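K.L.:
With the hints as your guide, set chain B onto chain A.
In the order they appear, the protein sequences are chains A and B. The first sequence begins at 1 in the working numbering and counts up by one. The second sequence begins at 1 in the working numbering and counts up by one.
What the hints contain is simulated information worked out from the structure, not anything from laboratory work. Please note that the accuracy of each hint is not assured.
In the DSS-like style, the derived pairs of lysine-lysine whose C-alpha atoms are separated by at most 30 Å in a straight line are [what the hints assert, rightly or not]:
no., chain 1, residue 1, chain 2, residue 2
1, A, K84, B, K3
2, B, K3, A, K178
3, B, K220, A, K132
4, B, K220, A, K126
5, A, K85, B, K18
6, A, K85, B, K92
7, B, K67, B, K92
8, B, K220, A, K125
Some chain A residues judged to face chain B by a derived CB distance under 10 Å, without partners named [claimed, not checked]:
no., residue
9, Q10
10, R45
11, Q49
12, I73
13, M76
14, K85
15, M86
16, G89
17, E90
18, Y94
19, R97
20, L98
21, W123
22, V127
23, E129
None of these values were measured; they are calculated from a predicted model. Ideal placement from N, C-alpha and C gives every residue a C-beta, glycine not left out.
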Amino acid sequence: MLSIRNIVKQYAGHRALDDVSLEVPAGQVFGLLGPNGAGKTSLIRIINQITAPDSGEIYFDGIKLNQSHIERIGYMPEERGLYKKMAIGEQIVYLARLKGLSNAEATRRIKNWFEKLEIQDWWNKKVEELSKGMQQKAQFVATVLHEPDLIILDEPFSGFDPGNAEIIKNEILELNQKGATILFSTHRMESVEEMCTSIALIHKSHKVLDGRIKDIRNSYRDETYLIEYTGNKLELNGSEPFSMLGETYTDDTHTLRLKLNEGATSNQVLQYLIPQVSVNRLQEVIPSVNEIFIQKTK
Amino acid sequence: MNKVLLIIQREYISRVRKKAFVVTVFLVPVLLLVMYAVMFLIYKNSSELNATRTVKVLDESGQFGSKLHNTSNIKFDSTSEPIAQARKDLKKHEDDILLYIPKNYAGIKSIQLLSEKKPNINVANAIERQLNDIATNNNMVARGIDTAQLRNIKSNISISAKEVTDTGDKESNIGALYIIGVAGAIIIYLSLFIYGAQVMRGVIEEKTSRIIEVIVSSVKPFQLMLGKIIGVALVSLTQFLAWIILSLVVSFIANKYFNAPQSPMLGVLEALKNVPFGYIISCFLFYFLTGFLLYSALFAAVGSAVDSESETQQFMFPITMPLLFTYLISVSFLAQNPDSSLAFWLSIIPFTAPVAMMVRLPFDPEPWQVGLSMFLMVVGFLFTTWVAARIYRVGILMYGKKASYKELVKWFFYKE
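Only chain A is shown next, with the shape it has when bound in the complex (with noise of 0.2 Å):
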């Protein structure tokens, strides 16, 4: 869908994008990280034309990225508003027609997404009158009602209440389904592992790290593991194919955390410890998102 190809982007005094490049895939949800003033939002107003690169390209569908193709694209900044005294659906319309859309054809699509969200009595509200969650579902539907191929959502979630939140989730998962692009710049690791098959992180105008999480978690074991039994503390002689990291003690339950030494395998722990303990599990741990984002951007 997306090819980001060496993009650099440099502003007064400092470099916000240093030779970037990303390969989004249709039909992705696709998760940009990285900590604040990493270059997220940069690289999204480059995508979305508001700014141009430096130097670089960027490819949609295989065409070098054109003033065709905004109309394709749905965004929804970080920093979003709409105007305070314009009543919401006149507003709503304006900004589908400003992408493309007709009058009545715009018209016609929010009537439908009102009655979806059940807010269809908003439609001659002003924005001030409304809370700031109503805001951003409106601003929502603002964003996806000309159906675009790609939808850019810096931070979606901020600023909702958790019951909106798990709406506009299904509601992107569901445009997802349908067929749409989501590029999505978050720092909330939770909602990372919850939506996106691929990701890429950013971290001082470096692309650290991309491609598709299971990969990247598998990427990143290291050979730990986490064990748990019962019975008598367990004594090392040396002759362990692991060594220790940690050992806790709750409950009469002993938990361990393992390094297996080189060449050694889960198999050779469990032959090493069940003579000396009752061993209750046994489990590689793999690193979750948020420890691949804070050691990478440590």
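P.N.:
Quick look at chain B alone, frame taken from chain A:
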């Protein structure tokens, strides 16, 4: 282009719908109507003032009586009744006035003008003038000066200002031209700032409400700026057009109902008839429009650079200075010296031309000067729009950053 039209439409409709707009559209014709009514009342009053009053002269000194001469609204009538009796008579004829000149009239306030109804100031002044003339004359005769010769020495010149034109000399009323010039300058000055500020406020609103980023993901910043400026320009033109039409209607009605052929204002109105209003109004619209485009682009740039209206001061001052200066000297200097070299330069420089040229226009500046000024206006607004757009496109996306001039220059040189 289609998108610019959409933006223009939104900017226009959202403003025209406001109550304040509707009120102002109707306020001006109403004020005009009030003005007509006041003129009518003044006329009615003045016809009362002009009624002839009879002045009974009781001259105990014997120096004045025979020398007072009647004027259009004063009729002198000498009497020899004693003062007490004359006072009593006044009660009977309440329109009459009694002029009492005691034997020794030279003392301060010794001559009295008595009446039941307060004598109006014109009558009192006219009598006073006559008395002074007579007394002066008497004094000269007493000192042996030949008054007849003196009268010949005195000159009595009154200027008749005539404009030499191809179609013949034409009576020109300098006062009326002055009023038109200054009025045009004031209206253009005020509306440039009122509507320019509307553009600026619109930009700030989009920035603070954060809708800006949603919109620039659909349209280019320049399209948005252009749409906003044109939208507001159309609002202002709507307002002017409504004013012109409603004023014509009001004038028509007023002429019908307050028909006042001898009104003192008629002289001024008569003089205005010689002014080519069509030409001046067209020039007004041209200078307003180009001046508006020039200034509102700058205002838009200022709006994009700040986060709230209170921060605009530091940028507004230098931008508005040239126009404010021209405006301030328009009444005192430009209108009195419309052909001076300062007036010429101010009416050529695009930043000051809208006000300066409006002052000069009724005085018929040379066509090449008007042409040059108009040409430079167009060049000027294209230039400021270009500069402003470069600042605007960066500024609108800078939240929470306090912009300095250095910052603005940097933004200007940013690549896209």
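K.L.:
Going through the numbered hints above, which ones does this structure break? Give me the numbers in ascending order.
P.N.:
6, 16, 21, 23
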